[in-house]
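Engineer: What follows is the residue order along each chain.
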Amino acid sequence: MATSIILQVLQSLVVLTLAPLYSGALARAEAIVASKRGPSVLQLYWDLAKWLRKSSVVSDQASWVYRGAPFVAFACYLTVSAIVPVITNAPLPLAFLSDLIGGAFVLSLAGFVISLAGLDTASPLGGLGASRASWIGSLAEPALIMVFFTVGAVSASDNPYLMNQAVGHSPYVLVMPTHLLGTLAFFMLVLVENGRIPIESPTVSIEISMIEEGRVLEFSGREYALVKWGSWMKFFLLSSIFMNVFVFPWGLGDAKTLLGGLIAIPLLLCKLAVCGLVIVIIDTSIAKVRFFRIAEFLGAAFLLALVGIATSYVIGA
Amino acid sequence: MESLAATSITGISLDLLSVLMLLCAFACLGSKLFNRYVYYYGLQSVLLSAATAIVAYTYGRVELWVLAVLTLAIKGIGIPTMTRHLLIEKLELKRDVAVSTGLSTALIVGGVLTAFSYLVTTPALLPKGLVAAAVVPISTAIILLGALTMVVRRHTVAQLIGWLLLENGVFLGAITLVAAFPFIVEAGVFLDLVAAVLIMVVFVSGLGRRLAEASSGEMRGLRG
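Protein sequences, first through last, are from chains W and P.
Each residue of the first sequence is one higher than the last, beginning at 0 in numbering that gives the first Met the number 0.
Each residue of the second sequence is one higher than the last, beginning at 0 in numbering that gives the first Met the number 0.
None of these hints come from the bench; they were simulated from the model.
Errors might be hidden in some of the hints.
List of simulated lysine-lysine pairs, DSS-like, C-alpha gap at most 25 Å [what the hints assert, rightly or not]:
{"no.": "1", "chain 1": "P", "residue 1": "31", "chain 2": "W", "residue 2": "287"}
{"no.": "2", "chain 1": "W", "residue 1": "53", "chain 2": "W", "residue 2": "287"}
{"no.": "3", "chain 1": "P", "residue 1": "31", "chain 2": "P", "residue 2": "93"}
{"no.": "4", "chain 1": "P", "residue 1": "93", "chain 2": "W", "residue 2": "287"}
{"no.": "5", "chain 1": "W", "residue 1": "255", "chain 2": "W", "residue 2": "35"}
{"no.": "6", "chain 1": "W", "residue 1": "227", "chain 2": "W", "residue 2": "287"}
Reference listing, derived: stretches of chain P covered by chain W, where coverage requires no fewer than 3 residues with Cβ under 8 Å from a Cβ of chain W [as the list claims (entries may be wrong)]:
{"no.": "7", "region": "20-32"}
{"no.": "8", "region": "97-107"}
{"no.": "9", "region": "114-121"}
A few chain W residues that face chain P, going by a derived Cβ cut-off under 10 Å, partial list only [what the hints assert, rightly or not]:
{"no.": "10", "residue": "171"}
{"no.": "11", "residue": "174"}
{"no.": "12", "residue": "177"}
{"no.": "13", "residue": "180"}
{"no.": "14", "residue": "183"}
{"no.": "15", "residue": "294"}
{"no.": "16", "residue": "298"}
{"no.": "17", "residue": "299"}
{"no.": "18", "residue": "301"}
{"no.": "19", "residue": "302"}
{"no.": "20", "residue": "306"}
{"no.": "21", "residue": "310"}
{"no.": "22", "residue": "312"}
Positions of the beta carbon are idealized from the N, C-alpha and C atoms, including for glycine.
From just these sequences and the hints, can you work out the full model?
Structural biologist: Here is the structure:
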């Protein structure tokens with residue numbers, strides 16, 4: 000029992016501490032691909048340290064909604080870090096809290112409070128970012144639910160651990176059309192949820208095109224640090240769910256020994272490197288789509304998952 | 000489940016290839032650039048040739064090997080290159096603007112058609128002992144998507160691509176359902192295909208030079 004509690008803490012710590020590294024490494028890799036030197040891999044840690052030291056400026060029009068939002072959002076990401084398979088393939092003590100759909104709800108709660116905060120200060124850019132993010136979120140949600148249905152078709156559950164086991168025990172599932180289509184759709188959603196390139200440019204923030212950055216423009220100092228840290232954690236979490244549940248379910252420790260959990264950390268980093276490489280290739284090779292074509296992108300994700308479910312209906316898995 | 004018995008390597012790879020072919024058809028339906036149409040069609044044909052090779056390997060048939068090679072050479076390389084050089088570059092086609100519905104609508108209709116083809120080819124209706132159960136509904140879906148591409152696009156070259164997609168769907172269904180498809184029929188189909196593309200090339204390039212417009216939407220003006 001003590002081991003599993005330690006593992007539980009370790010898992011959240013891994014997400015907390017390695018999330019800036021993952022985003023930083025991606026930014027560096029993208030710069031290298033673009034023939035630039037780019038910031039250090041550790042740059043985001045320095046950024047965090049800087050923001051945490053600074054005091055924050057809050058508009059006198061802002062209410063408690065604005066003040067509380069970064070903390071609620073951060074807590075949401077921490078909660079999700081406790082319930083999904085990041086370093087173990089067996090449920091940890093807190094994993095009973097929710098399944099995939101519950102996890103998605105907690106993530107949307109974080110997005111919701113950040114949107115509220117964006118609206119709360121009545122700054123025009125905040126409202127703009129919030130309205131865009133809500134529009135995208137309302138289109139991404141049905142696709143996400145469909146992806147969970149493909150997971151259900153493969154593993155007969157909506158639990159990420161059971162899905163992990165189902166794929167891990169019979170690797171041929173990896174090439175089954177249903178699983179493949181669900182994986183592809185989930186990858187598209189990972190890009191959407193984290194504002195990667197077909198949706199918005201992660202490195203450039205131009206007022207006219209920004210979505211995610213627009214909502215948090217008003218934050219500064221410690222609150223800004225929390226918000227940014229939270230968004231890196233979200234990226235880290237979704238990428239690890241993508242790799243651990245959908246693509247490569249092996250290399251996770253069981254929940255009984257501490258050693259397995261510790262070994263799983265470097266393996267997780269290797270997996271994330273693969274996922275990050277794919278994202279970097281996409282980021283650097285295709286252009287951002289026009290805003291109103293985001294609906295088509297998400298429609299495509301929805302469609303992939305739908306076809307996946309229909310296929311499972313015919314071939315039975 | 001009973002139909003899960005078809006999880007041989009052949010079955011899985013055929014299912015997989017056919018799903019990828021379906022995605023190519025969707026990509027074609029969802030893109031707006033003529034270059035992309037041809038690219039996706041070429042990709043789909045290469046996948047089709049791989050599927051043919053797998054069926055040929057499983058049943059050990061020489062004529063299917065020949066078909067696989069022919070598919071790769073003609074559909075995978077020949078027709079895309081020909082269309083690109085003779086039509087797209089010659090007519091300077093880039094962006095397809097002659098569409099009758101928005102892309103989202105087209106994709107949604109495509110999804111509905113796919114669901115429909117899955118519904119009409121329920122597992123109970125399929126012949127017993129089929130290697131890859133998913134191929135039948137998917138080939139039906141590809142046929143319908145090809146037809147939809149022809150309906151949605153108004154430009155003649157885009158309609159040609161739609162028709163070629165449709166033909167790929169027919170071919171995919173044929174090789175998996177009746178592996179003993181007479182070779183002479185297939186060869187004839189190939190010949191037809193090449194002839195049709197050639198005629199199209201001559202016809203459309205003449206049309207384009209004279210009218211600078213090859214959209215069938217223009218023909219509405221002829222209505223009484």
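Engineer: Each hint: holds or not?
Structural biologist: Hints, one by one, checked against the model:
Between residue 31(P) and residue 287(W), the direct Cα distance comes to roughly 16 Å. Compliance with the 25 Å bound is thereby established for this hinted pair. Proximity of residue 53(W) to residue 287(W) is assessed by CA-CA distance (about 33 Å); at most 25 Å being required, the pair is judged violated. As the CA atoms of residue 31(P) and residue 93(P) are separated by approximately 9 Å, the hinted pair is consistent with the 25 Å bound. Only pairs whose Cα atoms come within 25 Å are accepted, and residue 93(P) paired with residue 287(W) is accepted, the gap being roughly 19 Å.
This hinted pair does not check out: residue 255(W) and residue 35(W) have alpha carbons roughly 45 Å apart, beyond 25 Å. For the suggested pair residue 227(W) and residue 287(W), the alpha carbons sit about 22 Å apart, so the restraint of at most 25 Å is met. With 4 residues having a Cβ less than 8 Å from any Cβ of chain W, the region 20-32 of chain P passes the three-residue criterion, so the hint holds. Residues of the region 97-107 of chain P lying with their CB closer than 8 Å to a CB of chain W number 4, which satisfies the three-residue condition for coverage.
With 4 residues having a Cβ less than 8 Å from any Cβ of chain W, the region 114-121 of chain P passes the three-residue criterion, so the hint holds. Below 10 Å, beta-carbon pairs count as interface contacts, and residue 171(W) has one with chain P at about 6 Å; its hint therefore holds. Taking 10 Å as the C-beta contact cut-off toward chain P, the hint placing residue 174(W) at the interface holds, the least distance being around 5 Å. Restraint check, residue 177(W) versus chain P: the minimum CB separation of about 9 Å is within 10 Å; hint holds.
At about 7 Å, the closest approach between the beta carbon of residue 180(W) and any beta carbon in chain P falls short of 10 Å, and the interface hint on this residue holds. The beta carbon of residue 183(W) is positioned within 10 Å of a beta carbon in chain P (closest approach about 8 Å), and the interface hint is therefore held. Annotation: interface hint on residue 294(W) holds; nearest CB of chain P at approximately 6 Å, less than 10 Å. A hinted interface residue such as residue 298(W) counts as satisfied when its beta carbon comes closer than 10 Å to some beta carbon of chain P; here the least separation is about 5 Å, so the hint holds.
Given the 10 Å rule on beta carbons, the hint for residue 299(W) holds: about 6 Å separates it from the nearest Cβ of chain P. Given hint, residue 301(W) at the interface with chain P, holds; its Cβ is 8 Å from that chain's nearest Cβ, closer than 10 Å. Given the 10 Å rule on beta carbons, the hint for residue 302(W) holds: about 5 Å separates it from the nearest Cβ of chain P. About 6 Å separates the beta-carbon of residue 306(W) from the nearest beta-carbon of chain P, less than 10 Å, and the hint is met.
Against a cut-off of 10 Å between C-beta atoms, the interface hint on residue 310(W) holds, since the closest Cβ of chain P lies about 5 Å away. Among the interface hints, the one on residue 312(W) holds; its C-beta lies about 6 Å from the nearest C-beta in chain P, closer than the 10 Å criterion.
Against the hints set out earlier in the document, violations occur for numbers 2 and 5.
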